[in-house]
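Dock chain B against the given chain A, drawing on the hints supplied.
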Amino acid sequence: MNSIDFSIVVPALPYLWEGLKFSLILTLAAFAIGMVLGTALALVQHLEVPILAQFARGYIAIMRSIPLILVLFWFFFLVPIVIGYLNGTGRPVPIGATYTAFITFGLFEAAYYSEIIRVGLRSLPKGQYEAAEALSLPTWKIYWLVILPQVIRAVSPIILSQTIILFQDTSLVYVLSMTDLLGAASKLGQLNGRLVELYLTVAVVYFVICFAASQLVAVLKARTAIKTR
Amino acid sequence: MFDVLFRQAPDGQLYIDWIWSGLGWTLLLAFFGWWIAFVLGVVVGVARTMSNPVIASLGRAYVEIFRNVPLLVQMFLWYFVMPELLPTQIGNAIKQIPPPWGSFWPALICLSLYTSARVAEQVRAGIEALPSGQREAAAALGLSTGRTYRLVLIPQALRLIVPSLTSEVMGIYKNTSVALTIGLLELTAQARAISEATFQTFVAFAAATIIYLLLALCAYQLMIFIDERVRIPGTEVKRAKQSLHRLLFRKSGAST
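Quick mapping for you: the protein sequence lines, in order, are chains A and B.
Okay, so the first sequence: first residue is 1 according to my numbering, each after it adds one.
Okay, so the second sequence: first residue is 1 according to my numbering, each after it adds one.
With the rest of the complex left out, here is chain A (with noise of 0.2 angstroms):
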């Protein structure tokens, strides 16, 4: 085997950033679907709404229960045949590997984020709910105004942990032949024999985003620890 030059990753840098900026922007797009999701799916097991209680409990049950690739696969094979049923035609209307991707991130992580919203939300001292009631103010506004903020704002930490391990789970869109990270540097490589180098060179980028912001996950948890106090 030839020996190993890095400086073949040079050149290969300005498409590697393209399939970086993917990863991140699918990232993104799952944390914003994931948390509105997630937080509708926490809120309304505490509030025990009958049926959609026990639809987001058996929801998130079978989420965390099935592997991330088994759920894409699902996702890719239904979602377009749900839109073609939704927009009245019956016929599946491909929506591309992009939009699913989203889509199928977002519902996905929205399952661990309720998990972790919620258990915030038992967390919260009683005297908290009790005010806002005391303030006749309407349910909405209890959970809006009063609850919420400092839930998110306590759960915060481990929103981020979480939020890093979706960053890493996003490689797994290389079953779908999607050109992220991993993906950029896995096409190069079949193309110019140089897996090596690329492998390693993502597997240092991966490395470097996710321990710096894992330090800011530490520095977050020192922070909100005070502020509890």
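I should point out that these hints are in silico values taken from the structure, not numbers from a laboratory.
Glycine included, C-beta positions come from ideal geometry on N, C-alpha and C.
Be a bit skeptical, because a hint or two may be false.
[To be verified] Stretch by stretch, here's where chain B covers chain A in the computed footprint (C-beta under 8 angstroms, at least three residues):
| # | stretch |
| --- | --- |
| 1 | 166-180 |
| 2 | 205-211 |
[What the hints assert, rightly or not] Cβ pair distances, simulated, as ranges:
| # | chain 1 | residue 1 | chain 2 | residue 2 | range |
| --- | --- | --- | --- | --- | --- |
| 3 | B | 85 | A | 15 | 21 to 27 angstroms |
| 4 | A | 222 | B | 131 | 20 to 26 angstroms |
| 5 | A | 125 | B | 229 | 32 to 38 angstroms |
| 6 | A | 216 | B | 222 | 35 to 41 angstroms |
| 7 | B | 28 | A | 222 | 56 to 62 angstroms |
| 8 | A | 221 | B | 16 | 29 to 35 angstroms |
| 9 | A | 140 | B | 232 | 28 to 34 angstroms |
| 10 | A | 86 | B | 131 | 27 to 33 angstroms |
Frame of chain A; chain B shown alone:
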């Protein structure tokens, strides 16, 4: 609707046999991966709590490296990159290993090391959660460092972290699916193969999903059983706090 699984596949078997074969590889990988990860995780977790700064920082480096690189990237490093970095003869010998073992061994190493870093963090949290009086009392009795850990700290710490290890156990069997990227025909890969061979995508994925759900249920029940068997009476108060604690220290099940 599952009747398609009992039709004959091109290779003469029934499609359901593909599922069983996939399940076999998933279980084999998860089972052995778990025990290697558990042993390594205890060693590294203990190292992180040692007062010797060199050992402690080696432990930290181990954990940071294996936690901050995506599992799929690690899988490729073991499968594609490792044989190239070894001396040519050994590297070629590794590449000659016939499938499926040629995929199984790298997958096993990868999954074990990845999970061990996560177990190590739980073990460390467990040891640090013990009152310092335990370590001091052991020292007062004249126990050596090795015996303090072996007889006093580790037995208590492991009992404490059984609930948080549940998510790691569930993580490892889900993460076995990543091995399909290096060609191991485990459960998810077989489901996809059936879907491609029969066009019965729904049935194929539903069968795999049901099996994964059953596995999750078994793992969950098993961990509850173990927790009840090894629990030290009087430690339940600590456990109530653990749900938040657990959330703080878990990765996720890789999510994945």
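Right, here's what the structure says about each hint:
Requiring three or more residues with a Cβ within less than 8 angstroms of a Cβ of chain B, the coverage given for the stretch 166-180 of chain A holds, as 7 such residues are present. Evaluation of the coverage hint for the stretch 205-211 of chain A: fulfilled, as 4 residues show C-beta separations to chain B shorter than 8 angstroms, against a requirement of three. The hint said 21 to 27 angstroms for the Cβ distance between residue 85 of chain B and residue 15 of chain A, and at roughly 24 angstroms that hint holds. Checked against the hint of 20 to 26 angstroms, the C-beta distance between residue 222 of chain A and residue 131 of chain B comes to roughly 23 angstroms, which is consistent with it.
A beta carbon spacing of about 35 angstroms between residue 125 of chain A and residue 229 of chain B agrees with the range 32 to 38 angstroms that was offered as a hint. A C-beta distance of roughly 36 angstroms is found between residue 216 of chain A and residue 222 of chain B, which places it inside the suggested range of 35 to 41 angstroms. Take residue 28 of chain B and residue 222 of chain A: their Cβ atoms lie about 43 angstroms apart, and the range 56 to 62 angstroms is violated. The hinted window of 29 to 35 angstroms between residue 221 of chain A and residue 16 of chain B is violated, with their beta carbons roughly 49 angstroms apart.
Judged by the Cβ atoms, the range 28 to 34 angstroms given for residue 140 of chain A and residue 232 of chain B is violated: they are separated by roughly 45 angstroms. At about 58 angstroms, the CB distance of residue 86 of chain A to residue 131 of chain B disagrees with the hint of 27 to 33 angstroms.
Of the numbered hints listed earlier, those contradicted by the structure are 7, 8, 9, 10.
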